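Given chain A, put chain B in place with the hints provided.
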Amino acid sequence: MAMDKEFLKAFSEVIREEVTRKNDVYLEGVGRFEFEHQKQFQKQYDSGRVVMMPPKDTITFIPEN
Amino acid sequence: MTIDKEQLISLLEEKTGSGREEVESQLSKLINRIQKAAEEGKSFKVEGFGTFSMEEGNLQFKPEDTLETEINNKYAGMKPIELIGAFKEPEGDKEVPEIDLSESESVGTGAEGKWTFDTEATEDAKEEKSKIESQPEKDEGAESEVEEELERIEEAPGPEVSDTSDQQEAEEVFDAVFGTADEDIDDSKEGESSGAEKKEEEVVAEEKDPIGTILIAVVVALVIGIGGWFIYDFGFSGSTGTKIAQTSPQPTETVDPQDGNTQPKEESAQDEEAVEPEQQSTVSKEEEDTGTQSNIPQNRYGLHGEPNQSITSGYTIVVHSLRDQQKAERNRQQLQEAGFRALISQAQVQGVTYYRVGVGQFQNVSDAQQAVDEIPERYQDNNFIKRIQ
Chain A
1 MAMDKEFLKA FSEVIREEVT RKNDVYLEGV GRFEFEHQKQ FQKQYDSGRV
51 VMMPPKDTIT FIPEN
Chain B
1 MTIDKEQLIS LLEEKTGSGR EEVESQLSKL INRIQKAAEE GKSFKVEGFG
51 TFSMEEGNLQ FKPEDTLETE INNKYAGMKP IELIGAFKEP EGDKEVPEID
101 LSESESVGTG AEGKWTFDTE ATEDAKEEKS KIESQPEKDE GAESEVEEEL
151 ERIEEAPGPE VSDTSDQQEA EEVFDAVFGT ADEDIDDSKE GESSGAEKKE
201 EEVVAEEKDP IGTILIAVVV ALVIGIGGWF IYDFGFSGST GTKIAQTSPQ
251 PTETVDPQDG NTQPKEESAQ DEEAVEPEQQ STVSKEEEDT GTQSNIPQNR
301 YGLHGEPNQS ITSGYTIVVH SLRDQQKAER NRQQLQEAGF RALISQAQVQ
351 GVTYYRVGVG QFQNVSDAQQ AVDEIPERYQ DNNFIKRIQ
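Going line by line, the protein sequences match chains A and B. Each residue of the first sequence is one higher than the one before, counting from 1 in the working numbering. Each residue of the second sequence is one higher than the one before, counting from 1 in the working numbering.
Chain A with its partners taken away, still in its complex shape:
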């Protein structure tokens, strides 16, 4: 049975909105979606060159065991 496209769209939006608000979203039987902020950091190449990597907000998924 096909799932409703509108439902899938709404599902995506809800997860995105809640994660953006830094809320975790638990999907029973699947896992947990979390917000993660990566701070900017310095990165060095093996040639010695150093760059500052920009910060980043990401969504991470922790599977349910």
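Everything labelled a hint here was simulated from the structure, so no lab data went into it. Please read all numbers here as calculations on a predicted model, not as lab measurements. Where is the CB? At the ideal position from N, CA and C, for every residue including glycine. Wrong hints could be hidden among the right ones.
To be verified - Covered by chain B, according to a simulated footprint, are these stretches of chain A (three or more residues, beta-carbon under 8 angstroms):
#1 5 to 17
#2 25 to 36
#3 40 to 54
Chain B alone, transformed into the frame defined by chain A:
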């Protein structure tokens, strides 16, 4: 806060306008499909959201680009910035030190100072692209961003790059002079109150011993310049190069590689100020140096005051990244009224314009990192340093 199943259903009800039973049914179907695909080792894609797949026995989720961008919209379009001057040449077969993430995550105040200067940083870019170390981030796109940035840097290398060999040479001269020619330094202090006097001194010296005295005069000029640089380096003032530029243009590049942005007009203004103390010969050299060096750089770079429109390079601390220009302008005005140099820059991210409100104008990343402690507390853990373009 965690959104559990009940809350999720409520949110979906609200979003879809459907009844609870319908939402529960749809959600169950979705979960079953994901679980079934996982059991069969297949991937399951939700359009506009991401893909679930089994990897090494674990269910993984990879968000789609659109979702990633939406979540990261605050920083979207940010590219790595080159820490010009922050370079350490690996020696021989020595192992390259690993990046200390804990240090870098704390924005590594002063970390830049641990590195030496080298122009080859820009020349070796192509080689470096293929030697990128394993990334602590999971971001696969980051490397391509790095490459883009490196290409950009290659095309337009910054003016701040210095020459290590010249610097070392200057340091050697400095050491030699400090070790053997203290009297020369004393003499120079008396004579350096103006460029004109110095020239006279050189002329007189030439009459006595043309080669030796010229060499001494040049060395003295270098010592003065390097001394000024050291004063700058220890934070007593913002910039040097004024005296050096007067007496010996060549060491200017050597001693202060990061001061490549000095405008000709300002140089002439500095020259004028530097000449003024000639009438006040009783003023000590240190007082003269701090007097001439502290005023101009404070206006040029810094956290407070009005933005210097002539600055086209350097760094700023971005504290807001907004799509609403008016809101960005309001934030800028608030910061400006609070005494901070506030400026707005624009960034195009996938066709969307972001207005980034930055505070301060800094010559290098290290200065910007130190200034983070001085910005309002609410921004101290929520900012990023960006190159002024």
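### Query
Which hints from the list above does the structure break, by number from lowest to highest?
Violated hints: none; all satisfied.
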